[in-house]
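Participant: Protein chains in written order, with the working numbering: chain A, 14 to 389; chain B, 14 to 389.
Rather than coming from a laboratory, the hints here were simulated on the basis of the structure. Heads up, a few of these hints could be off.
One copy or any two copies: either way a pair holds, since identical chains are not told apart in the list.
As the list claims (entries may be wrong) - Here are the simulated lysine-lysine pairs, DSS-like style, with alpha carbons at most 25 angstroms apart:
| hint | residue 1 | residue 2 |
| --- | --- | --- |
| 1 | K336 | K98 |
| 2 | K187 | K120 |
| 3 | K95 | K336 |
| 4 | K95 | K255 |
| 5 | K187 | K255 |
| 6 | K187 | K98 |
| 7 | K120 | K98 |
There are 2 protein chains.
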Amino acid sequence: MSEDFSFRVYATDGEARLGAISTPRGIIRTPAFMPVGTAAAVKAMYPDRVRALGYDVVLSNTYHLMLAPGAERIAALGGLHKFMKWPQPILTDSGGFQVMSLARLRKLSERGVTFQSHIDGSRHDLTPERSMEIQRLLGSDIQMQLDECVRLPCSSEEAERAMRLSLRWADRSKSAFGEQPGRAIFGIVHGGVERALRVFSAEALAEMDFPGYAIGGLAVGEPQAAMLEMIEAVAPLLPFDKPRYLMGVGTPDDLLEAVRRGVDMFDCVMPTRAGRHGLVYTRRGRLNLRNARFADDPRPVDPLSSSPSARDYSRAYWRHLTKSGEILAMMALTEINLAYYQDLMSGARLAIKERRLDAYIAEVQRDWAEGEAERR
Amino acid sequence: MSEDFSFRVYATDGEARLGAISTPRGIIRTPAFMPVGTAAAVKAMYPDRVRALGYDVVLSNTYHLMLAPGAERIAALGGLHKFMKWPQPILTDSGGFQVMSLARLRKLSERGVTFQSHIDGSRHDLTPERSMEIQRLLGSDIQMQLDECVRLPCSSEEAERAMRLSLRWADRSKSAFGEQPGRAIFGIVHGGVERALRVFSAEALAEMDFPGYAIGGLAVGEPQAAMLEMIEAVAPLLPFDKPRYLMGVGTPDDLLEAVRRGVDMFDCVMPTRAGRHGLVYTRRGRLNLRNARFADDPRPVDPLSSSPSARDYSRAYWRHLTKSGEILAMMALTEINLAYYQDLMSGARLAIKERRLDAYIAEVQRDWAEGEAERR
Numbered sequence: 014m015s016e017d018f019s020f021r022v023y024a025t026d027g028e029a030r031l032g033a034i035s036t037p038r039g040i041i042r043t044p045a046f047m048p049v050g051t052a053a054a055v056k057a058m059y060p061d062r063v064r065a066l067g068y069d070v071v072l073s074n075t076y077h078l079m080l081a082p083g084a085e086r087i088a089a090l091g092g093l094h095k096f097m098k099w100p101q102p103i104l105t106d107s108g109g110f111q112v113m114s115l116a117r118l119r120k121l122s123e124r125g126v127t128f129q130s131h132i133d134g135s136r137h138d139l140t141p142e143r144s145m146e147i148q149r150l151l152g153s154d155i156q157m158q159l160d161e162c163v164r165l166p167c168s169s170e171e172a173e174r175a176m177r178l179s180l181r182w183a184d185r186s187k188s189a190f191g192e193q194p195g196r197a198i199f200g201i202v203h204g205g206v207e208r209a210l211r212v213f214s215a216e217a218l219a220e221m222d223f224p225g226y227a228i229g230g231l232a233v234g235e236p237q238a239a240m241l242e243m244i245e246a247v248a249p250l251l252p253f254d255k256p257r258y259l260m261g262v263g264t265p266d267d268l269l270e271a272v273r274r275g276v277d278m279f280d281c282v283m284p285t286r287a288g289r290h291g292l293v294y295t296r297r298g299r300l301n302l303r304n305a306r307f308a309d310d311p312r313p314v315d316p317l318s319s320s321p322s323a324r325d326y327s328r329a330y331w332r333h334l335t336k337s338g339e340i341l342a343m344m345a346l347t348e349i350n351l352a353y354y355q356d357l358m359s360g361a362r363l364a365i366k367e368r369r370l371d372a373y374i375a376e377v378q379r380d381w382a383e384g385e386a387e388r389r
Numbered sequence: 014m015s016e017d018f019s020f021r022v023y024a025t026d027g028e029a030r031l032g033a034i035s036t037p038r039g040i041i042r043t044p045a046f047m048p049v050g051t052a053a054a055v056k057a058m059y060p061d062r063v064r065a066l067g068y069d070v071v072l073s074n075t076y077h078l079m080l081a082p083g084a085e086r087i088a089a090l091g092g093l094h095k096f097m098k099w100p101q102p103i104l105t106d107s108g109g110f111q112v113m114s115l116a117r118l119r120k121l122s123e124r125g126v127t128f129q130s131h132i133d134g135s136r137h138d139l140t141p142e143r144s145m146e147i148q149r150l151l152g153s154d155i156q157m158q159l160d161e162c163v164r165l166p167c168s169s170e171e172a173e174r175a176m177r178l179s180l181r182w183a184d185r186s187k188s189a190f191g192e193q194p195g196r197a198i199f200g201i202v203h204g205g206v207e208r209a210l211r212v213f214s215a216e217a218l219a220e221m222d223f224p225g226y227a228i229g230g231l232a233v234g235e236p237q238a239a240m241l242e243m244i245e246a247v248a249p250l251l252p253f254d255k256p257r258y259l260m261g262v263g264t265p266d267d268l269l270e271a272v273r274r275g276v277d278m279f280d281c282v283m284p285t286r287a288g289r290h291g292l293v294y295t296r297r298g299r300l301n302l303r304n305a306r307f308a309d310d311p312r313p314v315d316p317l318s319s320s321p322s323a324r325d326y327s328r329a330y331w332r333h334l335t336k337s338g339e340i341l342a343m344m345a346l347t348e349i350n351l352a353y354y355q356d357l358m359s360g361a362r363l364a365i366k367e368r369r370l371d372a373y374i375a376e377v378q379r380d381w382a383e384g385e386a387e388r389r
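Next comes chain A alone, as it looks inside the complex (with noise of 0.2 angstroms):
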């Protein structure tokens, strides 16, 4: 392993990359799904079974750290890695996102974003500075920029506005960020579905040179097919030996379309909230455990899962215990959905390696297709 924060690409295929990322906690392969750990914990799941599905990278939300239980507090019992028990790489996010979508009575200027906590009400202060102070606190190998998510849609000028306050914002975060060897810092690109303010903010985050790039603000209600087309404007602009992440994304066909165009990395809470609703996704694409349907059905949810638990127990069993809201059925469905967006993207990474990622694609939607109509 590494002592500094690098990134190779192995091989491509089209856009699509197969690489790696290393830091000294260890090496992320992509392209990589990211599984949310919120509050300092994936939810419903033991770290060592993340790890054991096959991934290298939990991200976390500042946001809520800040509020409970405090990064100095975590500092001092000797960081999230410790605190967590994830000694693998992690990624936090700058805190922007969950103030626009969870904090009450935001004030935004430029030095940054006063809010109330939406928990206790208390008081606090977010800017690139302290953004960047509470991820180094936490010990967070990669960190993202301070930026200004907007919801869509919105005006133009409103887009523009925002993005060109993050890039304002990219700066101050970068140069809070100074120099940890072996971590580093994400700019994030913005500009809504607006190609022309994408292609700006792309552009100039890569004048000024981040070890890797973000594509924010997107999957926030727009159709596929225009976030698809942001990511074709941006991610020929980005160097191309710097590992791309696309923000909060998201289903199982959008991970598998942003690969095709170029992006290494994704974070998502779709696998984990999902499993703790009754909803897990499979091969032949999304079952709603709490159908009628299920409630006899002695198959299992997908024999061919790499987890046991989709394999070893029947449909009508998962069914009872979401119906009857109990705890392993979250537990259960959380490592299933996990389980299975690991193994699309060990699958993407093979066929990027043999040139086949296209066929891959093809064959993975006609599974979900085919185990749809079936359904129907």
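For chain A, the structure is supplied; the task is to place chain B on it using the hints.
Facilitator: Positioned in the frame of chain A, the structure of chain B alone reads:
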């Protein structure tokens, strides 16, 4: 493994017994604590982790399973063991206790009890014959007679009436159980906290020659001393070569004091329920991890626990997750508690073998007292 149901006492220390119940599904080392798997799952635990902690048998609830998903459905899916992926022995209760504590609009008669489901208000009928039919459909290895549980305190007349009804139901339950090779039915001693009633009940049941005996209707609010007095009155009247099961008990101290008085089996929701509410049982007494004193506590929950979750994380971490409502805290604290209950019982088994049970219990109680004094 035997094809018959049998019990053998290997060693005694005073009234306490070290033994083993043999069944075609495996051996149950006694004294044994049985984790409760109410709705066909030990809450927040994968069955393989329950097994790995050293548990040989789990309990499941007839009342809950008859309401959802239904005994006939579980039978059609291959029985309860396959349904919940627990191939080891399962003990089921008769439904009587939950009918009294959970169901609505109960109507008790000589024949049985009718009630409305606490979930959807549907009407159900539970007789000794139906209870045994349900337990047979589930495939339970140790089935309990239907009994009437009265709330304490209650009048002597009421306790006697319920005890006599339970004896008549014991007879009908035994007939309905019939012959089920490898499986057993237990009779249940009742009589409130009246020594004479308990003695009458125990002698009448012993006369009926059950493969095992339970002591029911205790740990329902009476002082520990009253419970122990009832055990002392009853245990010597039960056949030496049959297992004795104290239902619904209890705290770690209850378990040790009952083992000392000749009880072989226990079940209780306490370790699992407490774990879902931030309470952990340790060598040094019970900790309430919601307490602010643990917010910055870097120490493990218990460095000598059998559960890695008690050793490899800080108290501060579990407090944070508990306060945040994280499922992982419920999972880990449940496991820590079940590990502690198992450690306690395996310690008692060893101590009986070495005829030093009193010294063992004194040492365990000293540790609890020291831990509590330390936290005061």
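Participant: Which holds for K95 with K255 at a C-alpha limit of 25 angstroms: within a copy, between copies, both or neither?
Facilitator: neither (28 angstroms within a copy, 50 angstroms between copies)
Participant: Is the C-alpha distance from K336 to K98 at most 25 angstroms within one copy, between copies, in both cases, or in neither?
Facilitator: between (32 angstroms within a copy, 18 angstroms between copies)
Participant: Is it within a copy, between copies, both, or neither that the alpha carbon of K95 lies no farther than 25 angstroms from that of K336?
Facilitator: between (36 angstroms within a copy, 19 angstroms between copies)
Participant: How would you classify K120 and K98 at a CA-CA limit of 25 angstroms: within, between, both, or neither?
Facilitator: neither (35 angstroms within a copy, 53 angstroms between copies)
Participant: Within, between, both or neither: how does the pair K187, K120 come out at a Cα-Cα threshold of 25 angstroms?
Facilitator: within (23 angstroms within a copy, 73 angstroms between copies)
Participant: Reference check for the pair K187 and K98, CA-CA at most 25 angstroms: within, between, both, or neither?
Facilitator: Cα proximity of K187 and K98: none, with 28 angstroms in one copy and 52 angstroms across.
Participant: Is it within a copy, between copies, both, or neither that the alpha carbon of K187 lies no farther than 25 angstroms from that of K255?
Facilitator: within (16 angstroms within a copy, 74 angstroms between copies)
This entry does not satisfy hints 4, 6 and 7, going by the numbered hints stated previously.
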